[in-house]
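J.: Chains V and D are the protein sequences, given in the same order.
Heads up: the first sequence at position 167 corresponds to 167 in my numbering, and the numbers run straight through without jumps.
Heads up: the second sequence at position 165 corresponds to 165 in my numbering, and the numbers run straight through without jumps.
No lab work stands behind these hints, which were simulated from the structure alone.
These numbers come from a predicted model, not from an experiment.
You may find that some hints are simply not true.
Since the list gives no way to pick out one identical chain from another, each pair is judged satisfied if it fits inside one copy or across any two copies.
[Claimed, not checked] Under the rule of at most 20 angstroms between Cα atoms (straight-line distance), these lysine to aspartate or glutamate pairs were calculated in the DMTMM-like manner: (1) K216 - D326; (2) K50 - E416; (3) K261 - E240; (4) K190 - E231; (5) K50 - D414; (6) K423 - E378; (7) K409 - D368; (8) K423 - D368.
There are 2 protein chains.
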Amino acid sequence: MGYLFKDVKMVSMNDDLPEIYQGDLLVEGKYISKISQNIPKSAHKVIEGKNLLIMPGFINTHTHVSMSLMRSYGDDMELFDWLHNRIWPVEARLSKEDVYWGAILGIAEMLLSGTTTFLDMYQDMEMVAKAVLDTGIRGDLSRGTIFTGNQDKDDSALENLIDLIENFHNKAEDRLRILAGPHAVYTNNKDFLLKQVSIAKKYNTGINIHVSETTKENEDCLKEHGMTPVEYLNSIGLFEAPYTIAAHMVHLSDNDIKLVKANDIGIAHNPKSNLKLGSGIANINTYIREDLKVAIGTDGAASNNALDMLSELQYASLLQKGINSDPMAIKAYEALKLGTFDGSVVLKRENQIGMLKEGYEADIIMFDLNQPHFYPLENSPVANLVYSSKSTDIIMTMVQGKILMQNRKLLTIDLEKVYCKIKDIINRIYSDEVN
Amino acid sequence: MGYLFKDVKMVSMNDDLPEIYQGDLLVEGKYISKISQNIPKSAHKVIEGKNLLIMPGFINTHTHVSMSLMRSYGDDMELFDWLHNRIWPVEARLSKEDVYWGAILGIAEMLLSGTTTFLDMYQDMEMVAKAVLDTGIRGDLSRGTIFTGNQDKDDSALENLIDLIENFHNKAEDRLRILAGPHAVYTNNKDFLLKQVSIAKKYNTGINIHVSETTKENEDCLKEHGMTPVEYLNSIGLFEAPYTIAAHMVHLSDNDIKLVKANDIGIAHNPKSNLKLGSGIANINTYIREDLKVAIGTDGAASNNALDMLSELQYASLLQKGINSDPMAIKAYEALKLGTFDGSVVLKRENQIGMLKEGYEADIIMFDLNQPHFYPLENSPVANLVYSSKSTDIIMTMVQGKILMQNRKLLTIDLEKVYCKIKDIINRIYSDEVN
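Chain V with its partners taken away, still in its complex shape:
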């Protein structure tokens, strides 16, 4: 017995089907087993309804999910002031359990807004792994590292990375993966970066790193190494890791673009966070024309302040039209692809998720089009999804064949309990506020 989506609209991201396909989709076990017309209802649970639309779940390729605890704690501030006087003092007070509940809060928000897979970077990742296992979402978790110069601490960070990989990598039927997560060039040194590359190589996993987020980062790197961050990472051999995902990439030179292409680096574009922190606007329209692999991330809720991929996709599309004076830049379908299949490519999951296709795992979301902002329904639903829909129009989120959210209710998370926990945590961690 499976779930049968009956006579629904599909935006499958699957080139074998038309952009919008009206028909049936059957989920059996964790897989999409059939897409066609007139699949018999048999003993399946049938989900049908006029004006339902299904598509692959969103893939958020950059976030720090536990930072949901710091949502709207210090906005409209200079980056340095914000980090030193707001974020870092609070992070120093976080317990492992806090990281878990922060992750649960963020995952709740993601499941309610149609995200089925996320790539995370933070500390205490065993707690985030537990949150992934407990909630049913798909998570690629990178162990964030900052070189401290304290050998015990630095060694222990690497040991922790290895422990995480051995305990969690490819677990829960590959719903969970572990990556190395050197925070950035400016917070790591060459030796420490290369140790992480060799761990990634040994365990055949990837590297997740912030690159060229700000002009200051580029200027400092040029001053210290005589190279841009991309050139520096290339020169030391970081890109020899099995794969690399570079977040932000706001400021790339022509040579950077060549190196990114030659090394098959995935780019996680975070348009709202980059705007909000005043970092700038990555010209992903150019990157895509140069055949770079671009996907979309929200960044953490401390700098966004939402984990809403649909909103992020709208920014990704509209910004490129605006800054390139080109209404045809990043068309609606292309934006949806950036948020789904292109994410799976960057995460090396392109044979598993990111489209509605027989044999792919069933990570599916469903929209209720019966909203004023979708009318007239006869016009383009694809354009509506990107330019006028809201993530609250999503009424079902499924991961690996399991429904995790239905009719706006979370099935694996008790929100009232989460709210209570968050309240307790906040009372403690903000008790010695710096400001």
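Start from chain V and add chain D according to the hints.
T.: Showing chain D alone in chain V's frame:
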């Protein structure tokens, strides 16, 4: 008997109160009669609840509400192609009744997303006036004009403007106003513009006009008149109208800025439409520093494609931070003010609406903060409203003391009927599609 909002959070936009005020607000008749602590419940209808937040309704200072009929009909296209091959052929087929139902659809979307007042420009405005009267929203309606050179047609457009003013201006207890709406410099000539100015003067009303939306508009105007659009309008005396609201204003020179300031022109900034059509990004951060009067509009659903002011305010804030490399540009509170009180200033309704203040009319919206994306609630609700909330968090919309939307249900619009009407209209107006 009135409505008593009991022990709620208020973002009042009223400088006499703190940014967030926890207390009671009483609505009696169409007015806010009292804001204080511990107003007795007496015989009032009491609205109370943990985690409710009220604020003034949004003021959308630029739209073409009936164009909701063309939502997602031609996206990701060049402007010229879009107008000639999509929009204008369809507009030529619109009946008066179509304009009414398009307006109702747009008003439904606006009431559901917390807009209580809008400034419109379109044809057949008596039908939009009827939609305003029927639904209870507040509307300032401008009669769009394009000079055709056919004297009968042009005279009749001006007569229609006068009829509209005489029938509807300041009606429904001033819930409805009529303005002149010359479409733009490039679609009108001097004589026709000045005739509209003299009508505006005679009836003491305003002018609503598109100005400097694209670089092409500026270049053409410089070629034809040797002046920018703002300079041209100033030179012919258009700004001698009682007041002027100029939509878009994307490309202003230093001299334009001086003229706008000297003539007290209101600016309706439409960030999403300007991005989507590839027109550019107005630097409203500069305009505001120069003390220009800026407010926010969505533009029509054919070029946005939503009429969602909350999303528009987020763009207005984030874009300015991004293009000015300044995370402190257009802070959250400032963004909310752009969408509320600053709108009332531009519409010359600043003594009537746009803040929660005793004696002001009760145009109020209420948010339910009990959503994951509002947590932790202890941090800044103002930042949450702009950076992480969704318009679907709004659970009540009140205009002139009457509740028009409650718990996401519209009380003056039958949505099912609207959907049927829209379907009928679409089948007819798109039947001879050009593409």
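J.: All the hints need checking, so say for each whether the structure fits it.
T.: Quick rundown of the hints versus the structure:
Only between protomers do K216 and D326 lie at most 20 angstroms apart by alpha-carbon distance; the minimum there is 13 angstroms, versus 29 angstroms within a single protomer. Taking CA atoms no more than 20 angstroms apart as the test, K50 paired with E416 passes between copies only; the shortest distance there is 13 angstroms, against 32 angstroms inside one copy. Only within a single protomer do K261 and E240 lie at most 20 angstroms apart by alpha-carbon distance; the minimum there is 14 angstroms, versus 58 angstroms between protomers. Taking the closest pair of Cα atoms, K190 and E231 come within 20 angstroms of each other only inside a single copy of the chain (13 angstroms); across copies the shortest separation is 58 angstroms, beyond that limit.
With identical chains, the CA atoms of K50 and D414 are at most 20 angstroms apart between copies only, with a shortest distance of 19 angstroms across copies and 30 angstroms within one. In the homo-oligomer, the alpha carbons of K423 and E378 lie at most 20 angstroms apart only across protomers (8 angstroms), although the nearest pairing inside one protomer, at 46 angstroms, exceeds that limit. In this assembly of identical chains, K409 and D368 lie within 20 angstroms of each other by CA distance both inside one copy and across copies; the values are 14 angstroms within and 16 angstroms between. Taking the shortest alpha-carbon separations for K423 and D368, only the inter-copy value of 17 angstroms comes in at or below 20 angstroms, while the best intra-copy value is 33 angstroms.
Against the hints set out earlier in the document, no violation occurs for any number.
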